[in-house]
Amino acid sequence: MIQWSIKVDNKEFVIETGAVTILKSARWEWFTLIRHIHDFFDSKNSPVEIFEDTQPLYKKDWECLFIPFDAEIELTKMTSKSPLKPLADELIGKLTSSPLFYNLTTLWDELAEELDVLSNNLGEYGLKATFFPLTEDDLKKYLVFQPIKEQMAPFDFKMMLLKLFANKFIDKKRLVILELPELYCNEANIKSLHSVIRKYADKGIKFILVTDINVDGNKNLMIHDKIINQASFETIKRKIINALPFACDDELYVKAVNYTMEAVDNSMNVYHIIEKSFEVSEALAILIYTMFKELGIQISLDKSRFSNNIQSFLDAS
1 MIQWSIKVDN KEFVIETGAV TILKSARWEW FTLIRHIHDF FDSKNSPVEI
51 FEDTQPLYKK DWECLFIPFD AEIELTKMTS KSPLKPLADE LIGKLTSSPL
101 FYNLTTLWDE LAEELDVLSN NLGEYGLKAT FFPLTEDDLK KYLVFQPIKE
151 QMAPFDFKMM LLKLFANKFI DKKRLVILEL PELYCNEANI KSLHSVIRKY
201 ADKGIKFILV TDINVDGNKN LMIHDKIINQ ASFETIKRKI INALPFACDD
251 ELYVKAVNYT MEAVDNSMNV YHIIEKSFEV SEALAILIYT MFKELGIQIS
301 LDKSRFSNNI QSFLDAS
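Each residue of the sequence shown is one higher than the one before, counting from 1 in this note's numbering.
Keep in mind that the hints were calculated from the coordinates and are not lab data.
Worth double-checking, as some hints may not be accurate.
[Unchecked claim] With a cut-off of at most 20 Å between alpha-carbon atoms, the simulated EDC-like pairs for lysine to aspartate or glutamate come out as follows: (1) Lys81 <-> Glu150; (2) Lys255 <-> Asp265; (3) Lys81 <-> Glu63; (4) Lys128 <-> Glu113; (5) Lys303 <-> Asp315; (6) Lys226 <-> Glu29; (7) Lys191 <-> Asp212; (8) Lys168 <-> Glu72; (9) Lys206 <-> Asp53; (10) Lys168 <-> Asp249; (11) Lys199 <-> Asp156; (12) Lys173 <-> Asp42; (13) Lys203 <-> Asp225; (14) Lys81 <-> Glu29; (15) Lys140 <-> Glu74; (16) Lys203 <-> Asp216; (17) Lys85 <-> Asp202; (18) Lys237 <-> Asp250; (19) Lys77 <-> Asp89; (20) Lys255 <-> Glu275; (21) Lys255 <-> Glu279; (22) Lys303 <-> Glu282; (23) Lys94 <-> Asp138; (24) Lys85 <-> Glu29; (25) Lys237 <-> Asp249; (26) Lys168 <-> Glu110; (27) Lys7 <-> Asp225.
[Said to hold, decoys possible] Quick list of the computed label-pair ranges, beta carbon to beta carbon: (28) Asn10 <-> Gln146: 41 to 51 Å; (29) Asp9 <-> Asp53: 17 to 27 Å; (30) Ala19 <-> Gln55: 31 to 41 Å; (31) Arg238 <-> Lys149: 54 to 64 Å; (32) Phe169 <-> Lys191: 51 to 61 Å; (33) Leu100 <-> Leu122: 28 to 38 Å.
Bear in mind that the values here come from a model prediction, so they are computed numbers and not experimental data.
Every residue gets a Cβ at the ideal spot worked out from N, C-alpha and C, and that includes glycine.
Please take these sequences and the hints and turn them into a complete structure.
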C-alpha cells in the first residue's frame, strides 16, 4: 500500500493512493485537499509538500490535470493556455503543409503586389500601403471549434479535458484530479466514466477522484475529521492485536476493517458502528472501538454491556 502525506499550514493529511484513488464522504474537506495537491504540482512556489511513503515527491517528474466540478472549455476563443491549443496547432500545421496553403500564400503575394501598385497614388501623402505576410498565426485567428452536439453538458467538458490530456505525448508521470464527475450525469454517463477511467488507468495515468459513486480503487473516507483507509488500519494492526485482551487473528482484523469502512461509507456514525458491530460479536465491537481510539477518534461506551474482562480492559485503556 502506498500513502501520500500532504503537508500544508502545519497540517498533515495522509491518503492511501494507487492507480485510482477515491476520496469519499467529506466533500468540503476533499474540496480543500485536492486544491492543495493541484497547487503543489501547478505552482512553482507552492507551500504544499507531498511525500510518497517517506520520500518527497518531485513535481518535475509529474504532469497534473485538475478537472473541477464546474469545468468548462472556451471553444471559440483560443488562448496560449487553452487545452485545445495542441489540437489547433496540429490542424494548422497540417494545413500549412498542404498545396492549398502554398496557393493561398502565392495569391496573397500577388495581392500584395497589386496593392503596391495601387498605393502609388498615396505618394502625395508620403505614404505607402502594404500587407503583412500571411502566416500560420493568421490562420489560427480564424480557427474555431464547434461542438457536434447541439449543447454540451458538464460531463462532456470533463470527458473532453480528460481525453485531451490522455492523448498528449508527455514523458512524465501523469495525474488527473477529477472532482465530482457524476454531477448532472445519467446512468449511461456513469458507465462511460467507469470505462474511460479504467482505460487510462491501465495506460499508467493515475487518478484522484472526489466522488460519491462506487468506483474500484484505493478508498479514503473521513470520520470525525480523521482520514481512514486500509493502509491506516494496517499501520496500527500489530499494536492493536497486542493490546487486545483476547486472541485476534488476521481474519477477524480484516473483518473489522471491512465492516468499519463499509459503515463509514454508508454514513453511519461511530456510535452506531459500535452498536451494530456489538450485535455481531463483542470481540468485533471492542476491536473496532480500539482501532478508532488508536486513530484518535473518541467514543463514549456503555461499558456495562460488556463482559467483566472486557470492562477491565476498557477501564485500563
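Hint by hint, here is what the structure shows:
1. Simply put, Lys81 and Glu150 have alpha-carbon atoms about 25 Å apart, too far for the 20 Å limit, and the pair is violated.
2. Between Lys255 and Asp265 the CA atoms are separated by roughly 15 Å; this keeps the pair inside 20 Å, and the hint holds.
3. The suggested pairing of Lys81 with Glu63 holds, with an alpha-carbon distance near 15 Å, which does not exceed 20 Å.
4. Taking the CA atoms of Lys128 and Glu113, the gap is near 12 Å; set against the 20 Å cutoff, the hint holds.
5. A threshold of 20 Å between alpha carbons decides the hint, and for Lys303 with Asp315 the separation of about 9 Å falls inside it, so the pair holds.
6. This hinted pair checks out: Lys226 and Glu29 have alpha carbons roughly 10 Å apart, not beyond 20 Å.
7. As the CA atoms of Lys191 and Asp212 are separated by approximately 14 Å, the hinted pair is consistent with the 20 Å bound.
8. A hinted pair counts as satisfied when its Cα atoms are at most 20 Å apart, and Lys168 with Glu72 qualifies at roughly 19 Å.
9. For the proposed pair Lys206 and Asp53, the alpha carbon gap of about 17 Å is at most 20 Å, so the pair holds.
10. A distance of roughly 48 Å separates the Cα atoms of Lys168 and Asp249; the hinted pair therefore is violated under the 20 Å criterion.
11. Straight-line distance between C-alpha atoms of Lys199 and Asp156 comes to about 17 Å, which keeps the hinted pair within the 20 Å bound.
12. At roughly 14 Å between alpha-carbon atoms, Lys173 and Asp42 fall within 20 Å of each other, so this suggested pair holds.
13. Taking the CA atoms of Lys203 and Asp225, the gap is about 34 Å. The hint is violated against a cut of 20 Å.
14. At most 20 Å may separate the alpha-carbon atoms for a hinted pair to count; Lys81 and Glu29 exceed this at roughly 29 Å.
15. Pair hint Lys140 plus Glu74 holds up; C-alpha atoms about 15 Å apart against a cutoff of 20 Å.
16. At roughly 16 Å between alpha-carbon atoms, Lys203 and Asp216 fall within 20 Å of each other, so this suggested pair holds.
17. Proposed proximity of Lys85 and Asp202 is contradicted: the alpha carbons are some 26 Å apart, above 20 Å.
18. Pair hint Lys237 plus Asp250 holds up; C-alpha atoms about 9 Å apart against a cutoff of 20 Å.
19. Pair hint Lys77 plus Asp89 holds up; C-alpha atoms about 14 Å apart against a cutoff of 20 Å.
20. Distance restraint check for Lys255 and Glu275: the Cα-Cα separation of roughly 16 Å lies within the 20 Å cut-off, and the hinted pair is therefore satisfied.
21. Distance hint between Lys255 and Glu279 is fulfilled; the C-alpha atoms sit about 14 Å from each other, no more than 20 Å.
22. A hinted pair counts as satisfied when its Cα atoms are at most 20 Å apart, and Lys303 with Glu282 qualifies at roughly 11 Å.
23. Between Lys94 and Asp138 the alpha-carbon distance is near 15 Å, which keeps this suggested pair within the 20 Å criterion.
24. Between Lys85 and Glu29 the alpha-carbon distance is near 33 Å, which puts this suggested pair outside the 20 Å criterion.
25. In summary, the hint linking Lys237 to Asp249 is supported, as the alpha carbons are separated by about 11 Å, within the 20 Å threshold.
26. For the hint linking Lys168 to Glu110, the alpha-carbon distance of about 39 Å lies beyond 20 Å, and the restraint is violated.
27. Restraint check for Lys7 and Asp225: the C-alpha separation of about 16 Å stays at or below 20 Å, so the hint holds.
28. Here the CB-CB span from Asn10 to Gln146 is close to 49 Å, well matched to the stated 41 to 51 Å.
29. A C-beta distance of roughly 22 Å is found between Asp9 and Asp53, which places it inside the suggested range of 17 to 27 Å.
30. A hinted range of 31 to 41 Å is violated for the C-beta pair Ala19 and Gln55, which are about 19 Å apart.
31. For the pair Arg238 and Lys149, the supplied restraint of 54 to 64 Å holds, since their beta-carbon distance comes to about 55 Å.
32. At about 29 Å, the CB distance of Phe169 to Lys191 disagrees with the hint of 51 to 61 Å.
33. The given range of 28 to 38 Å is respected by Leu100 and Leu122, whose C-beta atoms sit roughly 33 Å from each other.
Going through the hint list in order, the structure does not satisfy hints 1, 10, 13, 14, 17, 24, 26, 30, 32.
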